[in-house]
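Asks: Sequence:
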Amino acid sequence: MDIMRERPRHAAAIEDLVVDCFGEGRFGKTVYRLRDGVRPNNELGLVALEDGELVGTLRFWPIHVDGIGETILLGPLAVAEGLRSSGIGSRLMRAGLSRAAAFGYRSVILVGDEPYYRRFGFRRDLTLGLMLPGPVDYDRLLGLELVPGALANARGMIGRADGLPVRYEMSEAVA
Numbered sequence: 001m002d003i004m005r006e007r008p009r010h011a012a013a014i015e016d017l018v019v020d021c022f023g024e025g026r027f028g029k030t031v032y033r034l035r036d037g038v039r040p041n042n043e044l045g046l047v048a049l050e051d052g053e054l055v056g057t058l059r060f061w062p063i064h065v066d067g068i069g070e071t072i073l074l075g076p077l078a079v080a081e082g083l084r085s086s087g088i089g090s091r092l093m094r095a096g097l098s099r100a101a102a103f104g105y106r107s108v109i110l111v112g113d114e115p116y117y118r119r120f121g122f123r124r125d126l127t128l129g130l131m132l133p134g135p136v137d138y139d140r141l142l143g144l145e146l147v148p149g150a151l152a153n154a155r156g157m158i159g160r161a162d163g164l165p166v167r168y169e170m171s172e173a174v175a
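At position 48 of the sequence shown the residue is numbered 48 (my numbering), and the sequence of numbers has no breaks.
Since the hints were made in silico from the structure, they are not lab data. Mixed in with the good hints there might be a few duds.
[As the list claims (entries may be wrong)] Label-pair ranges, simulated between beta-carbon atoms:
(1) 52 with 138: 19 to 25 Å
(2) 116 with 162: 28 to 34 Å
(3) 20 with 116: 17 to 23 Å
(4) 114 with 82: 22 to 28 Å
(5) 131 with 81: 32 to 38 Å
(6) 121 with 4: 20 to 26 Å
(7) 147 with 50: 31 to 37 Å
(8) 52 with 149: 18 to 24 Å
Every value quoted in this text rests on a predicted model; they were computed, and no experiment measured them. Heads up, the beta-carbon is just placed ideally off N, CA and C, and yes, glycines get one too.
Turn these sequences into a full structure, and let the hints guide you.
Replies: Structural data, given as structure tokens:
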């Protein structure tokens, strides 16, 4: 299996994989609203290929966090159904976080399962002062400091990097 930087030619296969993993309902979630109309970070996006077939993806998105400015939002991390628990997700995570640090990012935010992401250093206590502009299960809002203390002053709202408002319907799913 090869892990490589995401390329434009991977876009359709990435979308198919993400639909398989998370379904169409994901678009109503707050984290997807932060990404709506925003291009993923091209430097950091990774894919896993097995015999030329895309079997995993990891993306990062620019966001703004009150108190620290611009940082990145991790997700989605998606792996083909038959290959989950095979280490592909872990390899993508380690490679992606290494790239993020190499490109000078100081912190990473995500909404995900703390028991899974804890192994990569993500912690709930680093995001206790943060809010999202829509419904979210705050137990799933996690942070990682690539530079010690990078999230120490993070307080307030997480928003789009372009400053545009995040729109959602109250009836929509929790992030």
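Asks: Look at each hint and say if it fits the structure.
Replies: Hints, verified against the model:
About 41 Å separates the C-beta atoms of residue 52 and residue 138, a value inconsistent with the hinted range of 19 to 25 Å. The hint said 28 to 34 Å for the Cβ distance between residue 116 and residue 162, and at roughly 29 Å that hint holds. For residue 20 paired with residue 116, a C-beta distance near 18 Å keeps the hint of 17 to 23 Å intact. Evaluation of the 22 to 28 Å hint for residue 114 and residue 82 yields a pass: the beta carbon distance comes to about 25 Å.
Hint check: residue 131 to residue 81, Cβ distance near 33 Å, so the stated range 32 to 38 Å holds. At roughly 24 Å, the beta carbons of residue 121 and residue 4 sit within the given window of 20 to 26 Å. A C-beta distance of roughly 34 Å is found between residue 147 and residue 50, which places it inside the suggested range of 31 to 37 Å. Between residue 52 and residue 149, the C-beta spacing of about 43 Å breaks the proposed range 18 to 24 Å.
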